[in-house]
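Novice: Sequence:
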Amino acid sequence: MALRLYNTMSSRIEEFRPLREDEVRMYACGPTVYDYGHVGNFRTFVAVDILRRFLRQSGYKVRHVMNITDVDDKIIRNSARDGVSVQQYTAKYETAFLEDAAMINIEQPTLVRATEHIPEMADFVAKLVEKGFAYRADDGSYYFRIAKFPQYGKLSKRDFSGMLDGARVDVDEYDKDSARDFALWKAPKPGEASWDTAIGKGRPGWHLECSVMSMSELGETFDLHAGGEDLVFPHHENEIAQSESFTGKTFVDFWFHARFLLVEGEKMSKSLGNFFTLRDLVLKGHKPSSIRYLLASVPYRNQLNFTFDGLKQGAVSVERLRNFRLRLSAGNFPEGASPEIQSLAADTVERIKSALDDDLNTAQAQGAIFEMVRQANAAFDAGGIKKDDVAPLLAALIKFDEIFAVLDDDDVPKMKRVLDWAVAEGREKDISEELREAVQSGKLSGADVEKKIAEMKAARTARDFKASDAIRTELADAGILVEITKDGIRWRRK
RNA sequence: GGCGCGGUACCCAAGUGGUAAGGGAGAGGUCUGCAAAACCUUUAUGCGUCGGUUCGAUUCCGACCCGCGCCUCCA
1 MALRLYNTMS
11 SRIEEFRPLR
21 EDEVRMYACG
31 PTVYDYGHVG
41 NFRTFVAVDI
51 LRRFLRQSGY
61 KVRHVMNITD
71 VDDKIIRNSA
81 RDGVSVQQYT
91 AKYETAFLED
101 AAMINIEQPT
111 LVRATEHIPE
121 MADFVAKLVE
131 KGFAYRADDG
141 SYYFRIAKFP
151 QYGKLSKRDF
161 SGMLDGARVD
171 VDEYDKDSAR
181 DFALWKAPKP
191 GEASWDTAIG
201 KGRPGWHLEC
211 SVMSMSELGE
221 TFDLHAGGED
231 LVFPHHENEI
241 AQSESFTGKT
251 FVDFWFHARF
261 LLVEGEKMSK
271 SLGNFFTLRD
281 LVLKGHKPSS
291 IRYLLASVPY
301 RNQLNFTFDG
311 LKQGAVSVER
321 LRNFRLRLSA
331 GNFPEGASPE
341 IQSLAADTVE
351 RIKSALDDDL
361 NTAQAQGAIF
371 EMVRQANAAF
381 DAGGIKKDDV
391 APLLAALIKF
401 DEIFAVLDDD
411 DVPKMKRVLD
421 WAVAEGREKD
431 ISEELREAVQ
441 SGKLSGADVE
451 KKIAEMKAAR
461 TARDFKASDA
471 IRTELADAGI
481 LVEITKDGIR
491 WRRK
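In terms of the numbering used here, the first sequence opens at residue 1 and continues consecutively.
Derived from the structure by calculation, the hints contain no laboratory data. This structure is a prediction, so every number in the text was calculated from the model and none was measured. Only true hints are included.
The list that follows gives simulated cross-link-like pairs (lysine-lysine, BS3-like), each with its CA atoms no further than 30 Å apart:
| hint | residue 1 | residue 2 |
| --- | --- | --- |
| 1 | K270 | K312 |
| 2 | K249 | K127 |
| 3 | K414 | K429 |
| 4 | K201 | K92 |
| 5 | K353 | K312 |
| 6 | K154 | K176 |
| 7 | K127 | K176 |
| 8 | K201 | K148 |
| 9 | K452 | K494 |
| 10 | K466 | K451 |
| 11 | K312 | K429 |
| 12 | K157 | K176 |
| 13 | K443 | K312 |
| 14 | K201 | K127 |
Starting from the given sequences, assemble the full structure and let the hints guide the process.
Specialist: This is the structure in structure tokens:
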């Protein structure tokens with residue numbers, strides 16, 4: 001079965017077929033780098049990341065481009081407020097964004113920046129003016145004339161036919177022909193950053209950036225365009241209008257939109273006190289893997305209720321998967337293979353694939369892997385796992401993790417970086433006890449722990465449980481969890 | 001007001017015209033020097049309410065109630 005995806009343009013689930021047989025060209029609207037990214041932002045980016053990973057797993061070569069919006073009203077306002085240049089201001093938040101994305105294992109797409117494509121954008125506007133789709137206002141700004149594009153509204157399913165003949169209301173400070181016409185190019189206001197171009201001084205409008213950069217990287221028509229649900233209108237609608245007016249061709253085949261999340265059951269907002277950046281969560285002691293797991297646990301088109309309880313649940317779930325892998329890699333198994341386990345592993349791979357093929361049903365894929373883990377664990381206890389069963393089980397787990405990316409336990413170094421950042425920013429007061437504790441467990445190296453474990457083994461052989469327990473307590477205090485099993489002693493970081 | 005999405009156990013959350021995945025939490029049990037981990041059992045005759053279609057609906061249709069989103073560059 002092939003991937004079926006919901007397409008906002010057609011409002012239905014369709015079979016996804018890229019234009020080129022083995023390559024997918026996709027563009028995602030990235031962040032405007034004026035502040036640290038919040039969980040809501042990252043829900044969308046995780047959804048796109050899962051799509052990207054699954055496409056690749058399905059055999060496609062993926063060309064994935066994402067913009068960094070590094071010039072807009074907020075950026076100009078904030079950089080002026082802080083007395084730094086736009087470039088200085090955005091560099092900091094762009095770096096932070098990329099670090100945060102990497103922290104939750106989002107693979108980095110090819111990045112494009114608005115400020116690096118200014119001349120192309122000016123040319124694009126000039127061409128639209130030439131074709132009659134755009135016009136220059138008295139102040140030097142340029143607008144798109146939506147009356148010239150009758151299909152305007154086709155993505156967001158809005159009817160603008162009644163609004164196409166001139167403006168009844170003009171609340172904007174610019175002199176537009178119609179209230180709905182949107183800015184392609186903004187003339188500079190006093191003190192604002194601007195570029196000198198063929199069409200005059202100014203800066204590109206946000207919508208224009210994405211049209212120009214996506215087509216320049218991916219061609220006039222490409223396969224998929226992604227973003228948060230809020231971008232459907234006006235951003236993506238405007239991109240379509242500009243791009244299709246410019247080329248006369250279909251801009252994008254598939255429109256992919258991730259739904260907003262709720263935080264503790266309410267819309268995230270600063271005034272409700274439920275507005276969290278990724279770093280806020282880590283400062284509270286939550287692991288990046290828990291965050292990614294939770295963000296991936298609800299299919300992207302459903303509203304996800306992001307809660308601290310959910311974060312804890314996610315942590316336990318991830319722990320269970322990691323523990324299963326540890327068990328498989330550390331255990332001793334009799335020679336041979338058991339048919340039941342072989343087919344369990346094969347079925348699980350199949351179930352994960354068909355769940356994801358079904359409009360990226362991540363919840364179902366997770367259900368499949370846990371079912372495998374439970375059954376394999378039961379077989380393990382009953383001695384039903386043979387040597388040759390290990391590889392297929394691990395393979396299924398890896399297949400799952402190629403998409404979900406939570407198995408590798410690198411949370412501690414990541415959390416340490418956040419802690420160091422908080423110290424550097426003078427935010428010690430925001431560092432929770434939980435975070436300090438978690439980072440603490442990184443102090444002992446693997447070799448140090450192994451040494452202690454060896455001592456513990458010796459003590460146990462001598463049936464000196466008091467000494468053994470003392471070591472276990474010592475390690476526990478350092479954030480190392482020790483487990484004594486039939487096959488020996490296992491440990492992991494809390 | 002226009003357009004759209006959703007209401008499933010204590011919590012999170014899939015799903016289906018034929019009788020409710022998975023995870024968490026709780027309880028009991030197995031294993032164990034003690035822990036931990038793991039496993040087993042257990043928690044919805046029930047899927048917002050009321051009608052309708054049907055042999056049969058949580059799943060389709062209608063109405064209503066409730067929550068949420070977009071409609072001002074907020075992912």
